[in-house]
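Student: The whole structure should be built from the sequences, with the hints applied where relevant.
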Amino acid sequence: MPITKGSLIYAIFSGEKERGPSAFNLHLSHRRRERAMAVSESQDPIPRWDRYLTENSKVYRELAELRRQGWQNSEGDTHFANQRQRADNATAEGKTRFFRMMEQIGEEMNSFNSILTLPNATSYKPLRVLDLCFAPGGFSSTVLRLNPGAIIRGTTLPPSLGGHEVQLPEWETHPRLRIKFCDITMRAGEMSVDPAVVPEEHPDRINFDFSTRLFVEDIYGKEEEDEPFDLVICDGQVLRTHASARAEYREHREASRLTLSQLVISMQRLQGAGNNGRLVMLLHKPDALDTALLLRTLSTFAQLKLFKPRRKHALRSSFYVLATEVHANSHEAAYAISVWKKDWTVATFGTDEEWKAHRTEKVKKLDIVQNLMTDFGRELIRMAEPVWDIQASALKRAPFMTKRGS
Numbered sequence: 001m002p003i004t005k006g007s008l009i010y011a012i013f014s015g016e017k018e019r020g021p022s023a024f025n026l027h028l029s030h031r032r033r034e035r036a037m038a039v040s041e042s043q044d045p046i047p048r049w050d051r052y053l054t055e056n057s058k059v060y061r062e063l064a065e066l067r068r069q070g071w072q073n074s075e076g077d078t079h080f081a082n083q084r085q086r087a088d089n090a091t092a093e094g095k096t097r098f099f100r101m102m103e104q105i106g107e108e109m110n111s112f113n114s115i116l117t118l119p120n121a122t123s124y125k126p127l128r129v130l131d132l133c134f135a136p137g138g139f140s141s142t143v144l145r146l147n148p149g150a151i152i153r154g155t156t157l158p159p160s161l162g163g164h165e166v167q168l169p170e171w172e173t174h175p176r177l178r179i180k181f182c183d184i185t186m187r188a189g190e191m192s193v194d195p196a197v198v199p200e201e202h203p204d205r206i207n208f209d210f211s212t213r214l215f216v217e218d219i220y221g222k223e224e225e226d227e228p229f230d231l232v233i234c235d236g237q238v239l240r241t242h243a244s245a246r247a248e249y250r251e252h253r254e255a256s257r258l259t260l261s262q263l264v265i266s267m268q269r270l271q272g273a274g275n276n277g278r279l280v281m282l283l284h285k286p287d288a289l290d291t292a293l294l295l296r297t298l299s300t301f302a303q304l305k306l307f308k309p310r311r312k313h314a315l316r317s318s319f320y321v322l323a324t325e326v327h328a329n330s331h332e333a334a335y336a337i338s339v340w341k342k343d344w345t346v347a348t349f350g351t352d353e354e355w356k357a358h359r360t361e362k363v364k365k366l367d368i369v370q371n372l373m374t375d376f377g378r379e380l381i382r383m384a385e386p387v388w389d390i391q392a393s394a395l396k397r398a399p400f401m402t403k404r405g406s
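Anchor point for the sequence shown: position 228 equals 228 in the numbering used here, and the numbering is continuous, going up by one each time.
To be clear, the hints were calculated from the coordinates, so they are not data collected in a lab. Careful, some of the hints might be misleading.
[Said to hold, decoys possible] Derived DSBU-like pairs (lysine-lysine); straight-line CA-CA distance at most 30 Å: (1) Lys95 x Lys312; (2) Lys362 x Lys58; (3) Lys285 x Lys95; (4) Lys365 x Lys312.
Tutor: In structure tokens, the structure reads:
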């Protein structure tokens, strides 16, 4: 579906104010939504991508079969449901364990490739770190231990909106640490959105932040620059405890909105680091089409490694992309940022029909998958196989899998 003149999305991209009735409509009929996204099985690129991975990676083939067995196992459903229940209703002891776990993941990550350590220990310039989705603070705790002089700025969702509590001891008075409580997916100013084109009836109209700076004043009330940063950590994921505070239109778009927000904010604050910026980002399933396409984009302006903890969350599909030598000022990075801003804008202001059509145009096309296989398929498999292997090994040992075979 093209973005037509007169729609809200057209107004945002063109800078023209919308005339006449608002194009923002969150109540499209079920039949209309289905028709907009109808794609015949023969045109669906996802099976083609999965077949490519299955044919070219024995490790992925084994993991896919283990996943299939797990999906068919009700005990697996019970296992993960119990984990979700404990996470959503964590006790004080559980919150502390979560903080310690994140510290341990940070330590294991740094042992993997030293991404959290200042490269030049004798440098007079302290490491500047931006920790997006900071709480509970385990990663920043590890950074401070490894780099005692590091300066850290963080953002995190307020607990009042369902965010995690900060567990880092004495964080309020730490001289080199400052945290901003906010929902980073609401930072419309980062996305170059003009407030004049946002309709009054938009459900998040009063929640958008149209500023372009994260930190305006320091703890002494002085003006503070929030860039450049040497390292940005993006560890955000959509929280079930935040659901009641989100507008209905966000439910099926929030994971995309959060990823896009982290990417734009981080890249725009690495631009002062020259060609030596570093980025740590939580992602899921390197085999997922969206994830593979993102990794290919990142590889055009950074060196990538994929890291999955062996001791924590091994069962899950989560992993971290570790990007070094990030050329944040390159033409490739500038183009990626502009695309991510447009994606966020459609996900935030588009109708259900526009968002689904945009996703189809950007991801779910056979030519896109064919280009991905040709240009990046083998490199993706090379990077992802250690991640797949860790998850496969953990699934083999999982109690709900071993019980099935007994």
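Student: Hint by hint, note whether the structure agrees.
Tutor: The hints, checked one at a time:
Note on Lys95 and Lys312: the hinted pairing holds, with a Cα-Cα distance of about 15 Å set against a maximum of 30 Å. For the suggested pair Lys362 and Lys58, the alpha carbons sit about 29 Å apart, so the restraint of at most 30 Å is met. Simply put, Lys285 and Lys95 have alpha-carbon atoms about 26 Å apart, close enough for the 30 Å limit, and the pair holds. Proposed proximity of Lys365 and Lys312 is contradicted: the alpha carbons are some 35 Å apart, above 30 Å.
Hint violations for this structure: number 4 only, all remaining hints satisfied.
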